[in-house]
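> Residues per chain are reported as follows:
Number of protein chains: 2
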Amino acid sequence: MTDTTTMQCTALISKMIEWQQDMKASNRTIGFVPTMGFLHEGHVALIQEAKKNNDCVAVSIFVNPTQFGPGEDFEAYPRNLDADVRLAAQAGADIVFCPEVEEMYPTDGGIRIVPGPLADQLCGASRPGHFDGVLKVVLKLVNIVQPTNIYFGMKDAQQLAIIETFFRDYNCPATIVRVPTVRELDGLAKSSRNVNLSDQERNEAPAIYETLQQGQVLVLEGVANDVVKQFVTDELEKKTSGIVDYISILTYPQLEEPTAKSKNLIIACAVQFPKARLIDNIIFEREG
Amino acid sequence: MTDTTTMQCTALISKMIEWQQDMKASNRTIGFVPTMGFLHEGHVALIQEAKKNNDCVAVSIFVNPTQFGPGEDFEAYPRNLDADVRLAAQAGADIVFCPEVEEMYPTDGGIRIVPGPLADQLCGASRPGHFDGVLKVVLKLVNIVQPTNIYFGMKDAQQLAIIETFFRDYNCPATIVRVPTVRELDGLAKSSRNVNLSDQERNEAPAIYETLQQGQVLVLEGVANDVVKQFVTDELEKKTSGIVDYISILTYPQLEEPTAKSKNLIIACAVQFPKARLIDNIIFEREG
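Keeping their order, the protein sequence lines are chains A and B. Counting in the numbering used here, the first sequence runs from 1 upward without gaps. Counting in the numbering used here, the second sequence runs from 1 upward without gaps.
In isolation and in its complexed conformation, chain A is listed as follows (with noise of 0.2 Å):
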């Protein structure tokens, strides 16, 4: 058990900087996990595996306004920085970087990042300006933290794809690493929005994650992605009582419509309940 009394706290870029600096003064490998807090199980799993090969670990919370699109639940998103607080020390984590939105986004000379043909597929496809925004705060946070090594869950697989697109064609010095999707028992990948759902919601959801893996069979089984689709859009709408905003096969990183010979794939959707949008993803290999 870490001792949660070391851990450091600050909301200043300069603090988050000086300390980054110190660690690399005394030649020690920093692990960073960005994240928009409220902490679950699978921020817990980033921590941890960061903690496991780094000699120190950074944590930012900051829910990001760039990246929610107009009507979409910026206000809405949870939040819990005491309690996100204590579980990252308890993970691991030796700083917490929690900057407030004036200290983040002081200026705007109007200079984007646009993710281009990667953005057309899945949730960019329905939130135009989404992985502009991450991208920007991905960079900025990466500039102030400096990582030698960067954790991101594949739950959000397109965002993983984008931010190590762009990592690999703009020569970002940190090391991404891919962390698998932590689940509830009953499959339910887990994310800070599943406490918007109401129970019956909640008892619903679990629908998404198998009716992935009949999908990830069927397409295994040689059946054609539409017909795929069609079953996962019906299983779906039968099971839940929220709306399928998407369900997308396409090849993984490249997030594009798969031929016959591609290896690497990806089975994702998204659905829309009342007051949470939730998404899920499989990738997974097949016979080319």
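Remember, identical chains collapse to one label, so a pair may be satisfied in a single copy or spanning two.
Heads up, simulated DSBU-like pairs for lysine-lysine below, C-alpha to C-alpha not over 35 Å straight-line:
| no. | residue 1 | residue 2 |
| --- | --- | --- |
| 1 | K24 | K52 |
| 2 | K229 | K261 |
| 3 | K275 | K229 |
| 4 | K15 | K51 |
Because the hints were derived from the structure by calculation, they are not lab data. Given the structure is predicted, the values throughout are model-derived calculations rather than measurements.
Once you've looked at the hints, dock chain B against the given chain A.
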């Protein structure tokens, strides 16, 4: 005089990263001068300034294709790597980084950095996508070299304004140093493109700076901007065989239309000759 035999030279990103990591491991500050080569006294001034204020200096020489549009002079852009390496060494560089295009751009996932309204004026208006390419290569180079200080000439005033805004809004960890434009004895701004002028055009070209100076005087005397711009255009069309691409009076570095209260101004123009597009500017203060 620097011992030019000790200067290193590499075309490999991996070697460049190794060098900067060595420098950082021994706590040395790194000054960085990114160039497109065909070095002249303007670049030498940047390198000397970097040498004065850093423990070691890196110079990149890379004619960056992503900042040239279709029909622009990427192929005709002058190149002379041997002379550049000699000049960089004499000016005090410790390493020259001169990658091939394939080394810098092996992959392209389609993610772009778009400069927004700052690119609507001046060169951005007639060179769509130019500053996307500039921001891409600058971020790549900064990620590779990880400099303490980075040096830019003020001749490329719009480029400087956009890069300063990008660094500020994205927390890029290097400090930008502005270096004044170096001029020929007759006032013409030093530029690698000057070699593409005919003898007659070279004789006409000093009129650009002369006329900008006259325009500056008129602005300071309170003459309306539209009148000043017409005057400069008329003068340049009378005194040169080039075509005036733009003449602008804007706030600096915001690049907005000035009001009566605006204090920091730029008067800037671009003149297109058959084989060289020349730009120049004066950045000056006015009593508000």
